[in-house]
Amino acid sequence: MKTRIRQQLARGKRRIETRLRRAPRYDVEDRPVLGRANIRYEISSRQRGIVHGGVGVFLELAKQTGLIDAIDRRLKLLKFHAPYHESDHVLNFAFNALCDGHCLESEDVAEFAYRPTACKQTYRMIVVRKNLAVRVAQQRLFSDERYFFYITNFSDDITSAEIVFESHDRCRQENLIQQLHGGCRALRAALDTLEANGASMLMTALAWNLKAWAALWLPETPGRWQEQHREQKRRLLTMEFRTFVNAFVRLPCQIVRMGRRLIYRLLGWNPQLPTFFRLAHVLRC
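Heads up: the sequence shown begins at 26 in my numbering, then just goes up one per residue.
Because the hints were derived from the structure by calculation, they are not lab data.
The beta carbon of each residue, even a glycine, is placed where N, CA and C say it ideally should be.
Please note that the accuracy of each hint is not assured.
Below, simulated DSSO-like cross-link-like pairs (lysine-lysine); rule was C-alpha separation at most 30 Å, straight line [to be verified]:
1) Lys38 / Lys27
2) Lys88 / Lys258
3) Lys101 / Lys88
4) Lys104 / Lys88
5) Lys258 / Lys27
6) Lys38 / Lys258
7) Lys27 / Lys88
The following label-pair restraints were derived from C-beta to C-beta distances [said to hold, decoys possible]:
8) Met26 / Phe105: 37 to 47 Å
9) Thr177 / Gly74: 45 to 55 Å
10) Gln279 / Ile41: 18 to 28 Å
11) Leu45 / Asn234: 30 to 40 Å
12) Gly91 / Arg140: 47 to 57 Å
Model the full structure from these sequences, guided by the hints.
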């Protein structure tokens, strides 16, 4: 990572820590605090900005891992490339999963007794309802609800919440399935044929693969920072998909063209930016 970028990240962290540490002052005011600023809106004539500023690093990651070349070499569908190639259409699914958004607003748990027709024993049926808000570019589009069902023969000594947590902690493979289904939404049957849904699943799951490759691409430099670098790699590798998108992809930035370069100039700070810039440094972007 460049020294200038390291200093800027440290300065941003110190600024936030100082603001949180500073004792609040409560003076008598005759009007509300919010709405005092004299706000004016303008449109930039030269610079442009995007919400998902981290997407450029993962485009570079897809190129340097050989993913783009492998798709174009093995997939022959288009007669002409005017201008898009097969890899552009495939990665469109993956980056759509990276840049789209679902937010969990609340979660409800209910329980009732359930006995299947052919069974003599009564089981506990636990239902979890997750209330979601579907957002694009921080704009709420509509609400959605998802229901998850858990059937068990555990006694009443164990609460419903404990049964749900036990189910989630059972093994990492189930968590992976959940991330592919609820995180990047790769397991949804969005089309009307088996082959089309299989292709959609594989292409969308590339978003999860890019997250894992980004973690594995981070080096563990021997020396005083090796343990910290190892912890950054572990945190990124085990991070939930939605947390990953918010920390590494949804980075507001300014787009500046200078000569033959396209510069993504980040406009904010979050605790994961040191890891992000380490990845950008490894990818030389």
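Hints, verified against the model:
Between Lys38 and Lys27 the alpha-carbon distance is near 17 Å, which keeps this suggested pair within the 30 Å criterion. Between Lys88 and Lys258, the direct Cα distance comes to roughly 21 Å. Compliance with the 30 Å bound is thereby established for this hinted pair. Proposed proximity of Lys101 and Lys88 is supported: the alpha carbons are some 18 Å apart, at most 30 Å. Restraint check for Lys104 and Lys88: the C-alpha separation of about 23 Å stays at or below 30 Å, so the hint holds.
Distance check on the hinted pair: Lys258 and Lys27 sit about 19 Å apart at the alpha-carbon level, within 30 Å; holds. Between the alpha carbons of Lys38 and Lys258 the distance comes to roughly 20 Å, so the proposed pair stays at or under 30 Å and holds. Taken as a hint, the Lys27 and Lys88 pair is honoured in the structure, with Cα atoms around 22 Å apart against an allowance of 30 Å. Judged by the Cβ atoms, the range 37 to 47 Å given for Met26 and Phe105 holds: they are separated by roughly 42 Å.
Thr177 and Gly74 have their C-beta atoms about 50 Å apart, which keeps the hinted 45 to 55 Å range intact. Look at Gln279 against Ile41: about 20 Å separates their beta carbons, and that is inside 18 to 28 Å. Distance hint check for Leu45 and Asn234: the Cβ-Cβ separation is about 37 Å, which falls inside the suggested range of 30 to 40 Å. Distance hint for Gly91 and Arg140: a CB-CB separation of about 54 Å, consistent with the stated range 47 to 57 Å.
Of the numbered hints stated above, none is contradicted by the structure.
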